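*Asks:* Starting from the given sequences, assemble the full structure and let the hints guide the process.
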Amino acid sequence: MNRLQYETSPYLLQHANNPVDWYAWRPEAFERAKREDKPILVSIGYSTCHWCHVMEHESFEDRDVADFMNTHFINIKVDREERPDVDQIYMEACQAIQGSGGWPLNCFLTPDGKPFYAGTYYPPMPAYNRPSWFQLMGHMIRQFNEDRQKVEEQADYLLKMIQRSDNNLMKDRLQVEKPAGHLRVTVDSIYQSLKKQFDEEEGGFGGAPKFPGTMNLRFLLNYHHFTGDEQALAHVRFSLRKMIEGGIYDQLGGGFARYAVDKAWLVPHFEKMLYDNALLVQLMAETYQLTQDPLLLQTIRETLTFIEREMMSPEGGFYAALDADSEGEEGKFYVWDKAEIDAALGVEAAVFNDFYGVSTAGNWEGVNILNRPRPLDAVAEAHGMSTADLEDQLNKGRATLLALRAKRIRPGLDDKILLNWNALMCRAYVAAYNATGEEAYRETALRNLHFLLDNFVKDPQTGALYHTYKSGKATYDAFLDDYAYLIDALLGVYQMTFEPRYLKEAARLAELVLKEFLDESTKMFYFTSSRQSDIPIRRKDLYDSATPSGNSTMVHNLLQLNIALGTSNYQTLAEEQVFGMLEAVER
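Position one of the sequence shown corresponds to residue -5 (this note's numbering), numbered consecutively onward.
Treat the hints with caution; some may be incorrect.
Stated by the list, open to error - Okay, derived cross-link-like pairs now, DSS-like style, lysine-lysine, Cα gap no bigger than 25 Å in a straight line:
| hint | residue 1 | residue 2 |
| --- | --- | --- |
| 1 | Lys236 | Lys144 |
| 2 | Lys32 | Lys189 |
| 3 | Lys189 | Lys236 |
| 4 | Lys326 | Lys257 |
| 5 | Lys236 | Lys390 |
| 6 | Lys467 | Lys452 |
| 7 | Lys144 | Lys257 |
| 8 | Lys326 | Lys390 |
| 9 | Lys190 | Lys257 |
| 10 | Lys498 | Lys452 |
| 11 | Lys154 | Lys32 |
| 12 | Lys144 | Lys28 |
| 13 | Lys236 | Lys257 |
| 14 | Lys28 | Lys154 |
| 15 | Lys236 | Lys190 |
| 16 | Lys509 | Lys498 |
| 17 | Lys332 | Lys236 |
| 18 | Lys189 | Lys257 |
| 19 | Lys326 | Lys401 |
| 20 | Lys390 | Lys401 |
| 21 | Lys144 | Lys154 |
| 22 | Lys452 | Lys509 |
| 23 | Lys332 | Lys390 |
Claimed, not checked - Computed Cβ-Cβ distance ranges for the label pairs, DEER-style:
| hint | residue 1 | residue 2 | range |
| --- | --- | --- | --- |
| 24 | Val451 | Gln565 | 23 to 33 Å |
| 25 | Pro367 | Arg495 | 44 to 54 Å |
| 26 | Glu25 | Arg441 | 40 to 50 Å |
| 27 | Glu321 | Tyr0 | 20 to 30 Å |
| 28 | Asp141 | Lys332 | 57 to 67 Å |
| 29 | Tyr151 | Gly466 | 36 to 46 Å |
| 30 | Glu342 | Ala10 | 15 to 25 Å |
| 31 | Gly466 | Lys401 | 43 to 53 Å |
| 32 | Asn216 | Thr299 | 41 to 51 Å |
| 33 | Lys144 | Arg441 | 52 to 62 Å |
Bear in mind the hints are in silico, worked out from the structure with no lab data behind them.
Fair warning: this is a prediction, and the values are worked out from it, not measured in the lab.
Glycine included, each C-beta is placed from N, C-alpha and C at the ideal position.
*Replies:* Written as structure tokens, this is what we have:
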């Protein structure tokens, strides 16, 4: 076993038996690289990543590949969920070089950590218009040894470009006087841009592969709230319903997969991430408050039942993710052969199969992904049943198949507990309570929040936090997203309970963020604390991705705190940040 056996990250532990002499992201790896003047090979991924598993099996488990890596490189494995700061820097380098990115992310660095080349998955033999992993490594080591000056120049250029990409977005914007109504014009422009991307047939935005687009849907919901635009709300509701009816939603167990490989939401990439489900529950809860759509209420309940059954720790924390693969096959845990369902449900199978689109031929690689191709009332009419009787029969069928599925070999669970994603789920439970009034959701939100406050505090005096927790131990300094999302959760719980201690803690953490993360020159927040020193540069994350930008979340937090506390400097800073972001928004 290599050094990764001493780590707690499930992703790193997956690689502990590789013949590659892996280091974690630790000072000793860089010290050795400088001492031996060797390039560093950093491979970044996460435990539920399908192509990470593929590359490990094809390359990192191969003795000849490992011998070459061990001879010529200092090799570092990084869990991107544990060290998102490291992932951000080298992903930006990859996107600059390749025009795109993904995982596994494989980067070649100078001994002092500067990237000179980066890419994603590489096969063991040349394929997909890509060189083999061996060919790429050979080319990189020849470049490093034979043209060192060019390598160093490339690395310096890439690092400076990454730094400039943050600052250029906000250059001179703080000094520009904005006319009255400028923000409304910008917001309207964003809405019109999103409307052009609406998928009017299947919901969401654009084509395949299709992600939920939760942050865009949230913008539409907010736009409806402030303008009354009914089309914005209608597209949110329509998109949610189409996802719920598709295979991206687990029709038996509840919960959403990360994305669909087709535009109709039928075929998911089967991994389930905590953050996706947290953000979708919050979105569904707030949409339900406006529409009273019973399908949204049902799905909120089913999704949170799934979270509590499969992704909640005994202490009240939430685990990070469920893998797409089981028994070495993607989706095997979730798909069905028609004969299995017929045998399990007997005479009631015909109705079940009709509603969930099950056939002998299957709808994906000869098997069936359960989905809802026809409306409930149409299926009820076709079988001469009332909708109430049909719902009752479907509920019984789902329970039978869920119990049968539970006997299968389960997908891998990434059981680390991340502060940022837990804060998102805490906020989702607050939203679910606000929408339904169900006391159990309130209690779960409080239990989770107290778990976070009890186990993630690094320094009780300052309020400094950790990022990740596993096996009773918290590690790694918290990032901007951790603080921003936790402050948001605290404010949500305060608004739910009106207990002053939650507001007080939110304000204390906000002051820490202002002290340790704020860049006074741009009025934006760095992703990493001023105390952190083990990365080559500090970045600012201005864009929403699958999760909200820490900067935009802090703007919301500061405005909320200003309302609650009357702290005018918070509002002033928030306004400066909004205008500072306009350069990026208007591009």
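*Asks:* Starting from the hint list further up, note which numbers the structure goes against and sort them upward.
*Replies:* Hints 1, 2, 7, 30, 31 and 32 contradicted; others consistent.
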